[in-house]
Structures are given as C-alpha cells and as structure tokens.
Amino acid sequence: MMTRGRNYQTEAIVLKYRPIGESDRLVTFFSSTLGRITGIARGVRRPGSRLGGSLEPLNIIQVSLARGRLFETVSETSVIKDFNGIKSDLNKVALALYVAELTDSFADDWSSNQKLYDLVGRTLADLDKNEYPLYLIHFFELKLLKFVGYEPEFWECVECREKLLPDKYPFAPDMGGVLCSQCQLNFDYFPMHISLGGMKILRYLQRQNDNESISSGVILPQLDLKEVSEILRNYLRFVAERQLKSTSFLDLVTEMPFGGRSKFT
Amino acid sequence: MLGDSRGATPPVQRLIDEFNRLPGIGPKSAQRLTYHLIRMPEEQAKSLASAITSMKNQIILCSVCFNITDTDPCGICLNNSRERTKLCVVEQPLDVVALERTSSFDGIYHVLHGSISPINGIGPEDLKIRELLERMREESFEEIILAMNPNLEGEATSMYINRLIGNLGARITRPARGLPVGGDLEYADDATLGSALEGRQDF
Chain D
0 MMTRGRNYQT EAIVLKYRPI GESDRLVTFF SSTLGRITGI ARGVRRPGSR
50 LGGSLEPLNI IQVSLARGRL FETVSETSVI KDFNGIKSDL NKVALALYVA
100 ELTDSFADDW SSNQKLYDLV GRTLADLDKN EYPLYLIHFF ELKLLKFVGY
150 EPEFWECVEC REKLLPDKYP FAPDMGGVLC SQCQLNFDYF PMHISLGGMK
200 ILRYLQRQND NESISSGVIL PQLDLKEVSE ILRNYLRFVA ERQLKSTSFL
250 DLVTEMPFGG RSKFT
Chain W
0 MLGDSRGATP PVQRLIDEFN RLPGIGPKSA QRLTYHLIRM PEEQAKSLAS
50 AITSMKNQII LCSVCFNITD TDPCGICLNN SRERTKLCVV EQPLDVVALE
100 RTSSFDGIYH VLHGSISPIN GIGPEDLKIR ELLERMREES FEEIILAMNP
150 NLEGEATSMY INRLIGNLGA RITRPARGLP VGGDLEYADD ATLGSALEGR
200 QDF
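If you read the protein sequences in the order shown, they are chains D and W. Take the first sequence: its position 15, counting from 1, is numbered 14 in numbering that gives the first Met the number 0, and each next residue is one higher. Take the second sequence: its position 114, counting from 1, is numbered 113 in numbering that gives the first Met the number 0, and each next residue is one higher.
Keep in mind that the hints were calculated from the coordinates and are not lab data. The structure presented is a predicted model; accordingly, all values stated were derived computationally and were not measured. Cβ atoms here follow ideal geometry from the backbone N, Cα and C, with glycine treated the same way. Mixed in with the good hints, there may be bad ones.
Chain D regions said to be covered by chain W (calculated; three or more residues, Cβ under 8 Å) [what the hints assert, rightly or not]:
| # | region |
| --- | --- |
| 1 | 52-64 |
| 2 | 79-89 |
| 3 | 98-112 |
| 4 | 242-248 |
Let the sequences and hints guide you as you build the complete structure.
Here it is as structure tokens:
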C-alpha cells in the first residue's frame, strides 16, 4: 500500500492504544518535538509482529512515521526506555498510567511542549528507579497544570489580586484560584474550600522546582494531603472537562490491604 | 451498485449495515455478502439466520469457570479426570482453546473476560475477579497459573490478582516468557530475549 508523504522520526512516550480493524492498533504518543500524535500501527495484533512489543504504554521510543493521506502510519520503532522498574510494581504501574492519562488529556495535538515532555520523562524515570511517595504526584499535577497554562492561583485573590496571608480560602475552579474574604462575599457558592494546612502544602509544592527537595525527609500531614489530593483531582477534572478513568484503579491499588511490598507512604 | 449503496432498498441496506458492524467486514465486503445472500437459495439463507439465533440462545457462560459453553457447567469443569487442584487463569475463552490445543495442561480454568486497562476505564470490577476469589474460598487449589497476555495490561492484571490471592496458600505461577519456535534470535525483541535468557534451563 502506497502512502504519499514524508517520513519523519521523533522521540516519544507511548500513552495508550486501542485496537482497530482486524490486526491494527491506533496508538497515541506524546512526542518531544511534535506534541500529541496518533498513528496506526499495522498488523501488530498478529502473532509474528515485532512492532507490538515496543508500543507498550509508558515506553519511550524513537518512532518513524509516514504521513499518509488520512492519518500517520508507524513504520519503525526502537525502544529507548521501557521502565521495567515501573512495570514490575503494581502501585507504580497504577501511578504511571495516571501520569499517562493526564498527559493524554492535557497535551495538545501537534503542538510541541518541551517542558511537559521533560516533566513526564523525569517523573517516569523517578518512578522507575526510586521510592516514590504518593504525595509526589501532586508536584507532578501542579507542574503539568502550569505547563499547559492552567496553573491554579494560591498566592493572590484571583478577583482583586490582593496577596493572601496563609489561611483557609474558598477555591473557584472556573476562576482558577482562591478568593479573598472580601471578594468571596460576591459569590453564593463555592464547590471547594482549602484549609490552612492544605494551602500550606499546595504553596510548598508549587514553590519547588524539582521533586528531589521534596522527598528528602519532609513529613506532610495525612489529612491535609487527602484534602490536597481531592482539590487537585477536582480541579483537573474541571479543566479536562471529563472524568479521568485511571484514578479509580489508582485509588484501589493504593488502598489494598494485602500483599506486599507497598512502596508508598 | 459498486461503492454506493445509498440506492439500496431498506431491507437490503439493513443487512449491509449489520454485516458492516462485524470485525474485518468493511462496506464493500458487507455489500458483497448481502448480494450473495440475495442470490442464495432461501433455505440456505434461513439456515444461516437460524444458526446465528441458536448460537446466541444456546451459548452461555459456564457458571464455574466463565468459559463459553453450551452446557452449565462446561465440559472441562465437569470432567473428573482433570487435575482439579491446578487452576489456570486466562483473559479470554480463546486462550482456553489455545491452551487445550497444546495438551500440556490437565487442570481446570478460570476466564476473566478481559484485562485491567485503567486508561480505557477497565478495572478489576469489570472482570471475573470477584468470582475467582469466591472459587478460591470454595475449592482448594495447590497451584494457580496466571496465564495473562505478556503485555502491560496482562502484567497489571496478574500483579493485582497475585496481591489479592498471594497469601491464601496456593502456589502462584506464571508461564515462562521465551523465544518462538521457528523464529530467529537476531529478530527477537529485547524484552523477550532478556526473559528467555533469564529463564534458561540445563540442557
């Protein structure tokens, strides 16, 4: 079958795939230079296919694509990283798939976002090699929001821009931040309130440039962390305009009582 | 008529649309099949229709292992000469067919009907995992083979199940990962080759 069009190569993270036709897969990648792209990998569901193994979610690959008339076709791949440390640990897999789904939901098609790409790459590499306390995911969530232009405002009132002292405040997802005691009087209803403890954690996480400084010996109160988790989840869902599907499995695995070597605090 | 079926009469179009839904059958194949059936003797066409409805009526899931069967429990579950202390857990009914073809397994099965795929919204509650737990309580197994597909979803599923049943007393195993017969070492992918080397056996 002839495809008219250029061949090109890029480094990309495999985000997800789904079957189409009898033996093909529609694969979604996040490319370092091209943003989110989707391509068809032909024949990968047939037994002899060598292509299929490299197109696993979370793999970082060098992929060659051919621009076709209707869609891109995957022609060749080579695996750069396959993150076996993540894939052999249930909790890490659940967390990494959440990272992949967030990236899939927020990355733009055909629009390069180098900062986001580096963030995702670093997060997966961290997950792969190290212990990864669950609260580090909130660092990822905040940075992701920043790199896609939806950074929530926790330092100033979103309405009047007055600097806010550490305290509890209502959070308005549609306005992208918190409101001061004056401005909140203009509104009837707030879906979320952030406590002082929650506010401190959010501000702290936002201030960090990388997660190394966070994981070294910081102890964050559980109740406040739960609150932060809920606030960020709700905000992400609001911005994404859809319910994320991987969160229920993540919660399930995190709370599982049995077995193991759960590496999470 | 080639290529444009908008002129087809409603009952013909309806059949074309139904064929079109099937995997691997595109609009042209659907047309070809439909027009073939139009030319076919009536008894043959009726025979096809009735084979479809009887299959759907008679095919059920075995209430023990959830394989596709026409009797409940299925032939494998009823077979007393099988090794009932060995349970092989698989993703789909076709996996049972494949494993039975090898004649290498004499135990019984449990079919999950899928694998965990969080990004696609498929969680443990969508599979026959709770039923597996119930079986473990009611029957006593010496060995449970987790024969999921060797991909991320299959791995996640086996790890999840292992965590659920790992400390219930049975030995949990998984098939070896290796080189396909007739294949070439040079063309094997890294993961498979690595696994095959790790699992090497004495000659």
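| Hints violated by the structure (numbers, ascending) | none
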